[in-house]
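With chain A held as given, fit chains B, C, D and E with the ligands onto it using these hints.
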Amino acid sequence: MNADRAHASLRSATRWRLWEPLLWVVAFASPLVLSQYAAIVNEIAITALFALSLDLVLGFTGIVSLGHAAFFGFGAYAAALFAKHFMPDPLVGLAVGIAAATVLGAAASFTVQRGSDLTRLMVTLGAALILLELANKLDWLTGGADGLQGVVMGPLLGKFEFDLAGRTAAWYSLTVLLIFFFISRRLMHSPFGATLKAIRDNRLRAMSIGIPVGSRITVAYTIAAALAGAAGALLAQTTGFASLDVFEFHRSADVMLILVVGGTGWLYGGVLGAIVFKLMQDFLSAITPQYWTFWLGLFLVVLVLVGRDRLLKPWTIFRRGRAA
Amino acid sequence: MPELLKVDRLSAGYGEAVVLQDVSFSLDEGATLALLGRNGTGKTTLINTLAGATRQHGGTMTLGGAALHKLAPHQRAAAGIGWVPQERNIFKSLTVHENLTAVARPGRWTTDAVYTMFPRLAERKGNLGTQLSGGEQQMLAVGRALVLNPRLLLLDEPLEGLAPIIVEELLRAIRRITRDEGLSAIIVEQHPQAILAISDRAVVLDRGTVVHSGTARELRADPALLDRLLGVAR
Amino acid sequence: QGAPFKIGLILPMTGQQATTGRQIEAAARLWIAQNGDTVAGRKVELIVKDDTSLPDQTRRLAQELVVNEKVDVLAGMGITPSAMAVAPIATQSKTPLVVMAAATSSITEASPFIVRTSFTLPQVSVALADWAPKNNIKNVVTLVTDYGPGIDAEKYFKERLQFNGGKVPESLRVPLRNPDFAPFLQKVRDLKPDALFVFVPSGAGAAVMKQFGERGMDKAGIKLIATGDVTDDDQLNDMGDVALNVVTSHHYSAAHPSPANKKFVEAFQKANRNLRPNFMAVGGYDGMRVIYEALKKTGGKGGGPALVEAMKGQIFESPRGPVFIDAQTRDVVHNVYLRKVEKKDGQLWNVEFDVIKDVKDPGKTK
Amino acid sequence: MLTILFDGIAYGMLLFILALGLAVTMGLMNFINLAHGAFAMAGGYITVLLMQRAGVPFLLCLPLAFLGAALIGAVLERTLYRPLYRKPHLDQVLFSIGLTFMAVASVDYFMGSTQQFIQLPQWLRGRTEIGSGAWTLGMGHYRLFIVAVCAVLTLVLQYILSRTRFGSRLRASVDDQRVAAGLGINVNIVFLSTFAFGSGLAGLGGALGAEVLGLDPSFPLKFMIYFLIVVAVGGTSSITGPLLAALLLGIADVAGKYYIPKMGAFIVYLLMIVILIWRPQGLFVRQGGKA
Amino acid sequence: MSDVVLSCAGLVKKFGGITATSHVTLDLRRGARHALIGPNGAGKTTLVNLLTGVLEPTAGRIVLEGQDITRLAPHLRVRRGMVRTFQINQLFSSMTPLQTLALVVSQQRGLGGTFWQALGRDRGVTERSEQLLERFRLAEVMDIPTEYLAYGKRRLLEIAIALACDPRVLLLDEPVAGVPAGEREEILQTVAALPADVSVLLIEHDMDLVFSFAKRMTVLVNGAVLTEGDPEQIAADPRVREVYLGHGATAGEEAPAHA
Ligand SMILES: Nc1ncnc2c1ncn2[C@@H]1O[C@H](COP(=O)(O)OP(=O)(O)OP(=O)(O)O)[C@@H](O)[C@H]1O
Ligand SMILES: Nc1ncnc2c1ncn2[C@@H]1O[C@H](COP(=O)(O)OP(=O)(O)OP(=O)(O)O)[C@@H](O)[C@H]1O
Ligand SMILES: [Mg+2]
Ligand SMILES: [Mg+2]
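Residue numbers (the numbering used here), protein chains in the order written: chain A, 724 to 1047; chain B, 6 to 239; chain C, 358 to 723; chain D, 51 to 341; chain E, 50 to 308.
Excised from the complex, chain A in its bound form (with noise of 0.2 Å):
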């Protein structure tokens, strides 16, 4: 009866659609259809990754973040130092590099408990940049601005090589997309995803019925770092080089354009944004070297007059209208 109502109604929204398969499909199928486009597919898949992790702390839990730039580097320095001293890996690497960034990530969750949205701005973007002065800084270790050189990457699996063409690049990112794509809808989902949905919403509420607000904060944050950390690591392992603009600022507004742009938390905005994004970006730039910037501040500023759902998701309407 009307209980199964409401169970229906509450697993409908985490089904599979019948297009994310097919995505995941093409987005795979990609590297060996259009093989000259596999390393825009990489990075595009990179991208993507970095934008997801920003989407479950800025779409899911609320707290914005202009330094999210500092786990993205902190991971692609772990893990290309990894390679350089120790072993080249990809695997093993990309295991330092998440791992790094989540320490930071744990660490660093304490700036971002109180205040408002411009203080976590703040507090995250400063953050980011003292570990670019401090990457700047220690130039032994990270070749300082220079950037990291001698990076050299085993094989996948012990058995693919990075080619040249980038496709085992790009399937890489893919994959490691897809694994951390596919853990995040699950998180985000379940009561845990609720809970943090709750303070987004209202942190006084969540507090209220028992939630746990901070631990959650330090989670979620974590987890993020975590996922920026492995988009870092590919940065590194897929490009054999690591230098200081992986922490520099306009990474982490980059990433939030394209989080905006997709639109924030419902996990696809990332890889949406990231496919938008970065296409658009290398059409216009291809066509006008020069003055690409404006075409692509010209529709960033269309797509906010518009309206950021009417334009990328236009089937949004009727929900909205069946909602009101």
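Treat the hints loosely; a few may be bogus.
Claimed, not checked - Quick list of in silico lysine to any residue cross-link-like pairs, SDA-like style, CA-CA up to 25 Å:
id, chain 1, residue 1, chain 2, residue 2
1, E, Lys63, B, Arg125
2, B, Lys97, D, Trp328
3, C, Lys544, D, Leu52
Quick caveat, the hints were computed from the structure, so don't treat them as lab data.
Frame of chain A; chains B, C, D and E with the ligands shown alone:
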């Protein structure tokens, strides 16, 4: 008494959704109208439409001969509308005093007059809006509408959350203001009895349309009708 | 008639390094306009890409240029990390990489396919350290931006100055992001050296000079000496009188008095709304020449290793003066000039007054 | 020592002037206007153009920069910004960043990417020194000028906000646009004039700051972080907050770089993080509470 | 005394110069139906905020079931069974009533940290949510995001959330403000019908409801306890009439005789 407000075939809503349909009624100068109805039937929507805060789809509203529906929200205050929103909406970053002075218009009701009516507010003059208790916010919302020196007061559940002694006093004050100063008022309330006692007319809404319109006295005297309209036992 | 010969030029065209990209692109196009777009029977095609100074972008663009466009030569590279990130691709795909801007010494060692036509910072700082003590400047404070090239400049200047009997009582490093030089300059003022040696990226140079003047440091008897980035020809004319008499060392000045340069500067200004070419432009111009000559030498056949072979050892007269691509290091060898900012015909110029001939990159000799 | 203090104050004031417009749009209007730097840049370029092409004297350029930027602000407010007040902050971020990108590319297109310079009049170029030894106080005239302009601006603004109803009407409109309008406040005019004023201040800041900070198309992005730091640390509910914050940061930065140059880049960031963790709403918030 | 569930002693809260709570001592017994009344701004909400840990007291002690919880984090107090409603709705605006209740019930049943199973997976949780939706007449709007609900519905959800927490001590801050007269009694009956060992503290200005609900009452004035007693005592107390009840007493002077 001359007619002050005339609402004719008004329809309004949120976005595309229509909440009010073909609502018509009128109100005389110095008269008080009780606006009743079950939960979610559109009372607040009607009040907000008069104040210019919801989207009007059609119909006309005239206040003392002026076409209210053609005025922008901020011009309606100048035309004589004083609005007490249901959720109080105290300006949270202004102090109590600034909440009053920010909107005040010259006239009989000054901030001091409000402080005399609600001494509690005078004690809290320098507090920010968010630092007030629920009842204090309610008093401030009423006071803020009064300093506009309106011709028509729109009170959306003004008694909610006030101590009985203040309720009594406020009811008396509303009565006095409408009788003595010729102000009109539309009052939404969940307690039909208390409000019918001081009202001249009553309008009952159901699902966005007027289902009853008449004098307050006859409705008050007919508990069966009231029960049918509102589903209330008393 | 073979397939077109493609040159993939990757440069920062937007962002803070944008001027670098503009100068180089303009110079490269000028070269093509002057020398035709057909070499040894092959049509030369220039593909320009913007990497916004992000090394991972540079790398991806290089990757795509090599794999998809099958470019014969990669070129450009606004900043050191970009060049470093592309180096493995050059090696792996055996594509020559002509570095036209990045100036850190070690770049050419990152791949046997890298050839540089810009300059290296040690080259120009050492020249200044040789000149200073001879001109009664013995006690010098250094002020550099706190990043790779800055630290290079500081190190080589200091070593050479001390070797020449000078003293460096204090070495100041300014953070990369630094809007105000007041505290550093005040510190210098309090130290009262004979001169202040400065290296900052070209944009910040003007601010240093202005604040130097404003603080009355010249009146306090402190001289300002710098690498040529500080009086970048690109901006020099707008800096105003604060720049007058500043002594710098560099490999190129738009005022270099040679017919080749006159012709270059005139043509460049004509093609670019009166923009004055700077050292970036000459790096791009000479880079194109090196590529053209190499292609000619291979008889239009191209091929990575052959091209690099053909680039090594080229000697030619560039707008900057005589240039030689060292066959061993694939790095550029050229004269370094000492210049002083002077006003001529109402415009400011870096006027050369001394020269140190055929300077090799000191970074390679260790 | 005194010179360092003075330099710190002047630097702080410069930061303040640049951030002031943002404190108005972001702090008072609660609109995340990351395009603030673009308005500042507009002011800078207006000054450069007027001085270079039309030979207008510097002092006259300042009010013109203010007016020019205010005009641009007003036009944009009417055409583009208005629908965005009600949108979420993230939309505002997206929009204003987009606008900044456009501004950067356009300026680049029309003015070129090279740095522009402002030639100050002679009387602003000098320097006055008082005292001797450790207590020397050296003041660059231009820095002195900045301090003075800034002080005047603060007083005027403070007056407008505290002595007139405009301040409370503005904050009321920000708190609840719908209800403010329903209570007779002309929200559109309030927002329009505030936004134009904020943009004008940005323009003025850009005109004054171009001399010290340099001016090129990347200006809005390069200095965005600094504006944000000042506003965040100062809190967004008053004018004095950002002023004190800017002074604190300016002095700390200059003194830090002078006395411990190795810490150079870290000082401002560390200071900001510590302050914000200690007082998440900013150092100086409007407290109320006194009955 | 073992049957005192929640008590506070000497509780003080100052906001700058204002003393909102001044040396309040209060005992809530097991199974109590206790009302807290007082003029506007008397400090009732502040007291609830202190008890639930939303505010930190300037001085004083709070004891829940024999344990000092004065410095305990708010969410841990909830875990010990102390639950409240808010005078001003505090809801999760983007979630539907169904999602909200399912979340609260999951959290209540210790499933809030579950991260591998979906929110609607547990049958017990959905059934309990459904039951609450029915009881509070929210079933037909269960899939509409909270921000689009009419005020009255939101108010009901506010109370439903509190009951979903299976409270042992329930603090209600003007729970039925904004709820139409007819449904008020019903809601309070639901509250009154909670198991006998659940203690309830009710803040309310509707005297009909208060007097029909409460077995015991405390009057707060200017932050301090004026008096405490059973309803008859309070109704008869001239000081209470003076500062709070006024002279219309329970039903209002103009109300019809059959009130
Ligand atoms: N912002 C909104 N967007 C969409 N629909 C709304 C919005 N606000 C109210 N509604 C809908 O409009 C209808 C009427 O709401 P309204 O608030 O006017 O009722 P009301 O009679 O004042 O009820 P209450 O007694 O609960 O205050 C309700 O069905 C409600 O769901
Ligand atoms: N954050 C705060 N800062 C300053 N004063 C405050 C703050 N919060 C509450 N107050 C003051 O404390 C007093 C008690 O407020 P409280 O909300 O507890 O009253 P209440 O008894 O719940 O009143 P009501 O019945 O009107 O809801 C009020 O006068 C209020 O102005
Ligand atoms: Mg209502
Ligand atoms: Mg209260």
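query: Given the hint that Lys544 (chain C) pairs with Leu52 (chain D), does the C-alpha gap stay at or below 25 Å?
result: 13 Å, holds
query: Taken at face value, is the distance from the CA of Trp328 (chain D) to the CA of Lys97 (chain B) at most 25 Å?
result: The given pair, whose Cα atoms are some 24 Å apart, holds under the 25 Å limit.
message: Can you confirm whether the C-alpha distance between Lys63 (chain E) and Arg125 (chain B) stays at or below 25 Å?
response: 18 Å, holds
In terms of the numbered hints stated before, the structure departs from none.
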